[in-house]
Amino acid sequence: MATEVDPTTAPAEMSGGSRPLPDDELVRMLHVLKLCRYFDERMEALYRQGRLPGAIYSGRGQEGTHVGVTWALRADDSLFPTHRDLTAQLTKGLDLKRVMAQFWGRIDGYTRGRDGNSHIGDWQGNKTFTVMSHLPIAYPVAVGAALAYKLKGEPNVALAICGDGSTSNGRWHEAINTSAIHRLPVVWVVNNNQFAYSTPNALEFPIPTIAERSVAYGIPGVRVDGGDVLEVFEAARAAIERARAGDGPTLIESVSLRWRGHAGHDPAKYMPDELLQDYMANHDPVRNLEDFLLAEGVVTENDVDALMERVEAEFEQGYEYALASPFPEPADATKGLWVEDGYWTSEPGRAGGTEA
Amino acid sequence: MATEVDPTTAPAEMSGGSRPLPDDELVRMLHVLKLCRYFDERMEALYRQGRLPGAIYSGRGQEGTHVGVTWALRADDSLFPTHRDLTAQLTKGLDLKRVMAQFWGRIDGYTRGRDGNSHIGDWQGNKTFTVMSHLPIAYPVAVGAALAYKLKGEPNVALAICGDGSTSNGRWHEAINTSAIHRLPVVWVVNNNQFAYSTPNALEFPIPTIAERSVAYGIPGVRVDGGDVLEVFEAARAAIERARAGDGPTLIESVSLRWRGHAGHDPAKYMPDELLQDYMANHDPVRNLEDFLLAEGVVTENDVDALMERVEAEFEQGYEYALASPFPEPADATKGLWVEDGYWTSEPGRAGGTEA
Amino acid sequence: MATTVKLDAGAAGHGAEPRGKRDDDGQATYLIAIAEALWEEMERDERVYMLGEDIGAYGGAFKVTEGFLDRFGSGRVIDTPIAEETIVGMAVGSAMEGLRPVAEFQYADFMSSGFDSIATVLGRYHYRSGVPLPVVLRGPSGGYVRASSFHSVNPEPWFAYGGGIKIVAPAFPADAKGLMKSAVRDDNPVLYLEHKWIYRRIKETVPTDPDFLVPIGEAAVKREGTDVSIITSGALVHKSLEAAENLAQRGVSAEVVDLRTIVPIDEETVLNSIAKTSRALVVSESYRFVGIGAEVGATIAEKAFEHLDAPVTRLSPPNMPVPFSPTLEDAFLPQVADIERAVEELSAW
Amino acid sequence: MATTVKLDAGAAGHGAEPRGKRDDDGQATYLIAIAEALWEEMERDERVYMLGEDIGAYGGAFKVTEGFLDRFGSGRVIDTPIAEETIVGMAVGSAMEGLRPVAEFQYADFMSSGFDSIATVLGRYHYRSGVPLPVVLRGPSGGYVRASSFHSVNPEPWFAYGGGIKIVAPAFPADAKGLMKSAVRDDNPVLYLEHKWIYRRIKETVPTDPDFLVPIGEAAVKREGTDVSIITSGALVHKSLEAAENLAQRGVSAEVVDLRTIVPIDEETVLNSIAKTSRALVVSESYRFVGIGAEVGATIAEKAFEHLDAPVTRLSPPNMPVPFSPTLEDAFLPQVADIERAVEELSAW
Ligand SMILES: Cc1ncc(C[n+]2csc(CCOP(=O)(O)OP(=O)(O)O)c2C)c(N)n1
Ligand SMILES: Cc1ncc(C[n+]2csc(CCOP(=O)(O)OP(=O)(O)O)c2C)c(N)n1
Ligand SMILES: [Mg+2]
Ligand SMILES: [Mg+2]
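So the protein sequences, as listed, match chains B, P, C and F.
If you count the first sequence from 1, position 324 lands on 324 in the numbering used here, and the numbers rise without skipping.
If you count the second sequence from 1, position 52 lands on 52 in the numbering used here, and the numbers rise without skipping.
If you count the third sequence from 1, position 227 lands on 227 in the numbering used here, and the numbers rise without skipping.
If you count the fourth sequence from 1, position 307 lands on 307 in the numbering used here, and the numbers rise without skipping.
Some hints could be false.
[As the list claims (entries may be wrong)] Computed list of lysine to aspartate or glutamate pairs in EDC-like fashion (alpha-carbon distance at most 20 Å, straight line): (1) B:152 with C:45; (2) P:152 with F:45; (3) F:276 with F:187; (4) P:34 with P:316; (5) C:303 with F:306; (6) C:63 with P:266; (7) B:152 with C:245.
[To be verified] Over the 12 Å line for every Cβ pair with chain F, so calculated as not near, a few chain B residues: (8) 38; (9) 42; (10) 94; (11) 97; (12) 105; (13) 112; (14) 152; (15) 208; (16) 259; (17) 304; (18) 309; (19) 313; (20) 324; (21) 329; (22) 336; (23) 355.
Rather than coming from a laboratory, the hints here were simulated on the basis of the structure.
C-beta atoms are modelled at their ideal positions from N, C-alpha and C, and glycine is treated no differently.
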């Protein structure tokens, strides 16, 4: 099987100037990108001010990967993300307000306060897996969802994301291998942001690219520039359609850089400054799409300003919603382990107050 | 890095007629092959007669892999085998008598009766890992031994074997990946006997060969005919010397067929008869070497007969030794968990009798 | 599925419906009872499917699934690679999409190879997300078969600790059938342990009603007694019953409580028994340290304190690997004579 | 090693010998005490080396190994891929070849990802082969830090069950240092749990003698008392001491026993305390079901029966994932007030 490795990580040329989506979709895409970027920046600021509890895992600089691959999914397709992929979940449809309630440990968060930060998911609504820390533990689960589609004859596709560092874990190999044996409808995305916490690619795998590992599974491998959301989107769309057609999995490596530390507490002193400057200047997926849409005349500067105003308002609404949402009631801590206690199928108590 | 995949699995032509070892070594090699084959046949017969307790995992038909790769190791090099690789352990130097005592659960077995069958090892003496069932759990351990050689600057090499089915397990990927990152002195051997219990290659991995997976790790991959012990030996020798020289790991896939069932109880009805006949006729590593040495004039028919007599005598001695060795004393069951109780550094009690 | 290689269906006589494999008198072994339950549930509900190593053409290492491939096809009887984490992941993902997987582990020992996906994903997903995971993991556990440390494990504590997974461990064919059917119909994850020493050793009359269920979470008093309560499960139920019979001949009356379900434990039945006998012997094949015996012992000590006339006593293997040699395994695992001795000591207290 | 990528050594002030990071009065936090022990053992014995994720240039997720790379080089401070099974395998294999590895898990939670190599290989290899495995696995465990289920686990029962691995869980800086040095010098595998709530919260004067050892297997009475014995470990030692102080003001005298070592448990010290107080409260952060509390409770019930004036009582989190929200985590984990209440109930028995 052919391995289509595109070795370029040069600045995005936005899919060669062609527009792979209708203009209104492109504008919506810009909105999501802007929203996610702004969210990421504001949450980090709140974290630094000590106003946000728990942890944050910034996805800044990698929005092109998240938005690009998720955009190509249908509503019934499922997404299996990691801690880093909140932007993908927002793209899939999660409600910013409830996401923020989750960060503040409130009952209206997607996990009803049982988990925090991007350890989030909304299977019933938007078909996203509730993130677990252990890496890349959702990969094998995605095999199962894809298996179900195949067995039931449903035209759905599962798409799983993990980081570069996660590819060195055994689960990664098992899941891809098993899906390839049975030609399951699944797309394997690696968000290669060049670091696993502080560990660089060179200490994670011994070859130049992750995409070329696809030959070990007899599936196509594609390497795309995460700074070019449309390039990512097109690669994902092809892989998803391939999967939907019954032709099995594809491995997509989307290259970007983690602009911030691993989590809020990490100043990332290990990050070479030149690399960071390069990526911020040349591979910014948000600015790249904005510039492209401006150049193409799809949006005007005024449109962009209006978009930003909308984004800021959405964030403020989310923030207010989150802080107004009550904490879970202490007595609920032991509910919802077993299906039969009914906790998850009834409304939770809302008398937990808003002060912890 | 180049991937040297040799796609032939045609009948052995015995390394093109050249003799890669001195004649006396070739004769010793034939002896080991004959001994292991005879041992395998006799043990199965005893098992069928109900005279052998526990389990047996026949390695018949795969001796070329076991003897070939192990022959290329030095005494200080270490071997990490599986349940199927008893022949490799015998090649490395384990004492047949003590091996047989192990099968009968006796105190003179290598595990002092704590484990049975090929779950054996002799680290202190012959540098072989005591086999564990979980597959391929010795692969990561071999990384550690190789790491130690590198850190200590010792010129040793670790060689690990597993089956085709074990390559689908996550540990397999982790171990090879990690060893390749650090260019550790280790050789990865896959004994592709075409089945994992009843499961054929096509349900274990989605590509034609295992050797080609080496590209995923940037290391050389070699595919050899397990029916040709000398071809296996030469590939192993090259890989081991490469590792010893500091050039990192190699993946060797040695192809044969499991002539018998997975274990003594398995009639292997799932095995296509034609395939079995082909392998028994054309890929018998024992007969192939014998024919070659006869043709080359290295041995005569009389020599071979004498060899067989010796082999039979060795087996009888082993059998007598095993049955005369006492069972462990019941009170010793709880000893030897912790180093400090001294169980393993003192002689064990021998009053357990020979009747269970 | 299209890519599944279809192999030979096996020898003559194989492949029959499990109920056809009962004895002439209609009795079923424990193994056949389990197979019947699985067969009937697969017939009843097409969302139920099976996956595992060598369960298809081969019919599973212990032949529990023999004949299933022929009846249900390779889309519902799936041979997997040796990738336990992924077997569990497949079960979880397909359960999220509405299927009801039953995953076989070739031995319960190899559940350790799928540990993270079992303990972390299967056990913790519903509490955090509200998504039900109707997954059954099953496999042969336990010792007494001269199979040494890697084929004799009782893994309950690994998966009981941390919660979210029900655990059943039947001792009798009828219980095995009824509990398997309950497990398959449960909307929570269930770990179903089959004791390999019992498989072909114990048989009895087993109900044929397709809706015969034994509820998860209920222990059963398998023998009434007045002097000492033996709380146990699995193979040790049979050894305890044998001990109780011997003890009766010596005038000691032991009650035998078969836990049947390990998570959640039926505290009521256990405590009722202690209230009656005032003496508790906890006999468990799981290793002593933080084993099931520790949990049962601590619970009795805490909740039946006022009833106890003697210390709650544990009889369990030592906390180390199960050895191979017959002399060692016999010394290592609790035997009938050990149970008798412990009961006598307790009743003499 | 040649292929290790050498990165920037970190910010100014980083990289100093841990002892240089003590407070001006010479007191050391628990974290610094652990780092000192590791540093001194690496200085003492060149067979000792470290491996783990991000332990080199970054100095570890909690900065325990900060400065080690600069001092000891990338051959003895090895950054690994995210491959926990292989981290354990590397430790085992190198120990077989005479090295003395100390492997860091970024969180003790991720020990579940290396489970099979820990429980199966590390725990069972010596019993079957006689080959010593001087391996230390270390990592931050425990809750009370609002980090939810995947960063709050107490994994002791997973690795205590089945045996072959010593487990230590110190609560004080001096104990932490002395136990770490003992762990590194032990010829058996040792799982060393560092409680992340304690890391920077508790400090004290810590010995500087390079051979200061706290023996593995010895508990310590951290507060004498007469009415009730609190048997505990880790963060809950501090919460128990606080409760005992409050109780003293109300005239209830609680003794606090810090287990320090979980495997093997120091039964003698525990039982001596019960002999004195006749009442036992087992306070454990491990989940209730088959947790360490179950083991300690069952042992006391079995071996101190004649001393007990009240039921052995367990205080532990419920058997489910640790939740994130402060209201939930507080309700979920044992708090000082819970300990006080339980002690009062027991003393009123
Ligand atoms: C099995 C496992 N081990 C360790 C960790 C701790 N950890 C959290 S994120 C991280 C780095 C992940 O790197 P990568 O896969 O590249 O994803 P990224 O964070 O860069 O998106 C590590 C080691 C974990 N989550 N899971
Ligand atoms: C992790 C794990 N899962 C399941 C098993 C049970 N098992 C023992 S041997 C075997 C087949 C192994 O196949 P392969 O790796 O090809 O080795 P072979 O026996 O053919 O030499 C299986 C599944 C095991 N030993 N380990
Ligand atoms: Mg990364
Ligand atoms: Mg095989």
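Does residue 259 of chain B really sit off the interface, with its C-beta more than 12 Å from all C-beta atoms of chain F? holds (17 Å)
Next pair to validate is residue 63 of chain C with residue 266 of chain P; report whether the Cα-Cα distance is within 20 Å. holds (11 Å)
Can we trust that residue 329 of chain B is non-interface, i.e. its beta-carbon lies farther than 12 Å from all of chain F? violated (7 Å)
Reported absence of residue 94 of chain B from the contact zone with chain F (all CB gaps over 12 Å): holds (17 Å)
Pairwise hint evaluation, residue 45 of chain C against residue 152 of chain B, where the allowed Cα distance is 20 Å at most: At roughly 13 Å apart (the allowed maximum being 20 Å), residue 45 of chain C and residue 152 of chain B satisfy the hint.
Verify this label for me: residue 38 of chain B is non-interface relative to chain F, using a Cβ-Cβ cutoff of 12 Å. Check passes; 24 Å lies beyond 12 Å.
Residue 313 of chain B clear of chain F by more than 12 Å, beta carbon to beta carbon? holds (27 Å)
Claimed clearance of chain F by residue 152 of chain B, with the beta carbon kept past 12 Å: holds (30 Å)
Restraint status (C-alpha distance of residue 152 of chain P to residue 45 of chain F at most 20 Å): Given pair residue 152 of chain P, residue 45 of chain F holds - Cα atoms ~13 Å apart, limit 20 Å.
Determine whether the non-interface label on residue 105 of chain B survives the test: each CB of chain F must be over 12 Å from its CB. With a cut-off of 12 Å, residue 105 of chain B comes too close to chain F, as the shortest Cβ separation is near 4 Å.
Is the Cβ of residue 304 of chain B farther than 12 Å from every Cβ of chain F? The claim holds: residue 304 of chain B sits with its nearest Cβ about 36 Å from chain F, beyond 12 Å.
Do the alpha carbons of residue 152 of chain B and residue 245 of chain C lie within 20 Å of each other, as the hint requires? Roughly 53 Å separates the two Cα atoms, so the pair is violated.
The structure is inconsistent with the numbered hints 3, 7, 12, 13, 21, 22 and 23, although it conforms to all the rest.
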